[in-house]
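Undergrad: As a plain string of letters, each chain reads:
Number of protein chains: 2
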Amino acid sequence: MFKIRSLVTLIALLGSISAASAWEALPTTAPAPPGNPTTDAKIALGKMLYHDPRLSSTGTVSCSSCHNTMLGGEDNRPNSMGVNGQTGGRSAPTVWNSAFNTVQFWDGRADSLEAQAAGPVTNPIEMGMKSWDDVVARLEKIEGYQKAFDAAFGTEPISKDNATRAIAAYERTLITPNSPYDKFVGGDKTALTPQQVKGMEKVAELGCTGCHSGPAFNGPGMFQKFPVTSNGFFEAQHHFSKDKGLAEVTKKAENEHFWKVPTLRNIALTAPYFHNGAVKTLDTAVQIMAKTQLNKDLSKEEIADIVAFLNALTGEFPEQKMPVLPGTPGSNFN
Amino acid sequence: MFKIRSLVTLIALLGSISAASAWEALPTTAPAPPGNPTTDAKIALGKMLYHDPRLSSTGTVSCSSCHNTMLGGEDNRPNSMGVNGQTGGRSAPTVWNSAFNTVQFWDGRADSLEAQAAGPVTNPIEMGMKSWDDVVARLEKIEGYQKAFDAAFGTEPISKDNATRAIAAYERTLITPNSPYDKFVGGDKTALTPQQVKGMEKVAELGCTGCHSGPAFNGPGMFQKFPVTSNGFFEAQHHFSKDKGLAEVTKKAENEHFWKVPTLRNIALTAPYFHNGAVKTLDTAVQIMAKTQLNKDLSKEEIADIVAFLNALTGEFPEQKMPVLPGTPGSNFN
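Going down the list, the protein sequences come from chains A and B.
Going by full-length UniProt numbering, 294 is the number at position 294 of the first sequence; the sequence numbering is gapless.
Going by full-length UniProt numbering, 216 is the number at position 216 of the second sequence; the sequence numbering is gapless.
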């Protein structure tokens, strides 16, 4: 009896979901900008640089330390930990599928992966290098990097621009297609459970996909206010409004508490949640978003259905070879 | 003329070197102890655990943070940096070929890779977990680890013993064969340059291989005093004697300043040198060892020859797939 009812529900839901035109599978490749066409040599160099802790002042923090390519593309921490155990106020966004973001960082202050890659390296509480000149000087001493830069950029010298181009080229390969959701959208109607289909319908009905739109559920190009409605209880508990988001960059009142719309892809792997990493579990995150953004009080069942659907956004992680990082003669770390 | 003279020198050296019977190529596999036969499932699990920063209190430090499998098996730092930016007094030994050490840690206090793997996880300045019970509790919450432990250990529960067995099984695969030296010893007399052959001969003649013996140049089972002769200049500069080595564990006067003989394999990649990482370059390390251990003052040429030979001990690093670490629901890091 239960199974039949589930099936009836499922068929009804399939009708309403297929009527919505916005559901799209994730592309399996990401386009490169005109100034930085993707090549195998750039990907190989970028993968080395991405995983090399020698790009930090202490030699202990690589891009992958906070945006971990062996995990969900981040570090499962509220705020990342940079050199000398320092922490900032924001949670590391996932690197997986970041190629599909039109802007980068929580506040969207970088307009490309290339621009983003330049930032953390010289941020004093992240990778702590004094300058990109120091990074370049360090790379120039490593024979293996000279060869890898030559392969990627020919006669051009090792430079900040070429290092960040290579890192961005590598990041454009970090795509996780073939999630249950993608298979479902592609025609395999058995790929989602009935509960996941219910959650998918609820996500559309509530309006979550008004902002979390597009195949990466990241509202390409979109900035949105969070929280929209101040909710005393959640605010007191999680201090979402302490950080003014985009306004911290622009200093404009109208940008206060505006944020890039983050992807929902692989969200089951990227706890804790929100820009400040204040919320430990996905069900609480869903409850808060519905209340603060849409002024809806969800039932426990609705939350469970949506979380089931969000779990269907976990994709397939491509097989990667570990880079063999070139050796350095001597040591300059203290 | 120069070439002919080099060739004559080379032939003379080949004669003396082949007369020494102690030169051995590195085995390509490492034997496992009776209690922990190596299996593919253990290697796979051990590789995941080895690279998982969630085995540290802050979620930021994995085994590979200090014993980096993408680099020379360590971190190129004088002293490693553990959780919250803390540092200790010793330099991380390389994990590559550690399977051929009969004892582990600089002071040799662990008699197996299994015993070694248990230590850093609960060391407050390394990975900082309060107890292995806490590690096990954390792993039990991760479904993917439950499956990986089941595959490796069947119905046995997740435990400290099984986690360290898996890590050790993985470490036994971290072998770097086919260095120029190995090829030379295997019969390819072109694998070393004439200078490297001169350095090889000098290493034997001076007596370096009296301690750095065996195919891994690590004096299996051997503890030796360092420095043997106190040299005021080097001691004042590098403070080698501040740390009492084995005696810090045994509290016995006769063990003061005794150390496990470290491997010379891949030494060109593992600057800085000595137990306290006080010496930045390989040529200075060679100069100091000759003086403090053998009371020999080497010429610049002799040092250059030995360093050339030591560079011939850099092996081939096996191709490794990055582990995909299983996701964790929620987050417990602060």
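Simulated from the structure, these hints should not be mistaken for laboratory data.
As the structure is a prediction and not an experimental result, all values here were calculated from the model.
Certain hints may be false.
Just so you know, same-sequence chains aren't split out, so a pair can sit in one copy or run between any two.
[Stated by the list, open to error] No farther apart than 27 angstroms at their CA atoms in a straight line, the calculated lysine-lysine pairs in the BS3-like style are these:
hint, residue 1, residue 2
1, LYS321, LYS147
2, LYS300, LYS321
3, LYS141, LYS280
4, LYS244, LYS141
5, LYS183, LYS291
6, LYS183, LYS147
7, LYS252, LYS189
8, LYS147, LYS280
Undergrad: Each hint should be assessed against the structure and marked as holding or not.
TA: Here is what the structure says about each hint:
1. Taking the closest pair of Cα atoms, LYS321 and LYS147 come within 27 angstroms of each other both inside a single copy (19 angstroms) and across two copies (23 angstroms).
2. In this assembly of identical chains, LYS300 and LYS321 lie within 27 angstroms of each other by CA distance neither inside one copy nor across copies; the values are 42 angstroms within and 41 angstroms between.
3. Taking the shortest alpha-carbon separations for LYS141 and LYS280, only the inter-copy value of 14 angstroms comes in at or below 27 angstroms, while the best intra-copy value is 43 angstroms.
4. Taking the shortest alpha-carbon separations for LYS244 and LYS141, neither the intra-copy value of 41 angstroms nor the inter-copy value of 35 angstroms comes in at or below 27 angstroms.
5. Taking the shortest alpha-carbon separations for LYS183 and LYS291, neither the intra-copy value of 30 angstroms nor the inter-copy value of 68 angstroms comes in at or below 27 angstroms.
6. Taking the closest pair of Cα atoms, LYS183 and LYS147 come within 27 angstroms of each other only across two copies (24 angstroms); inside a single copy the shortest separation is 41 angstroms, beyond that limit.
7. Taking the shortest alpha-carbon separations for LYS252 and LYS189, neither the intra-copy value of 47 angstroms nor the inter-copy value of 71 angstroms comes in at or below 27 angstroms.
8. For a Cα distance limit of 27 angstroms, the shortest separation of LYS147 from LYS280 across copies, 24 angstroms, qualifies, whereas the shortest one inside one copy, 44 angstroms, does not.
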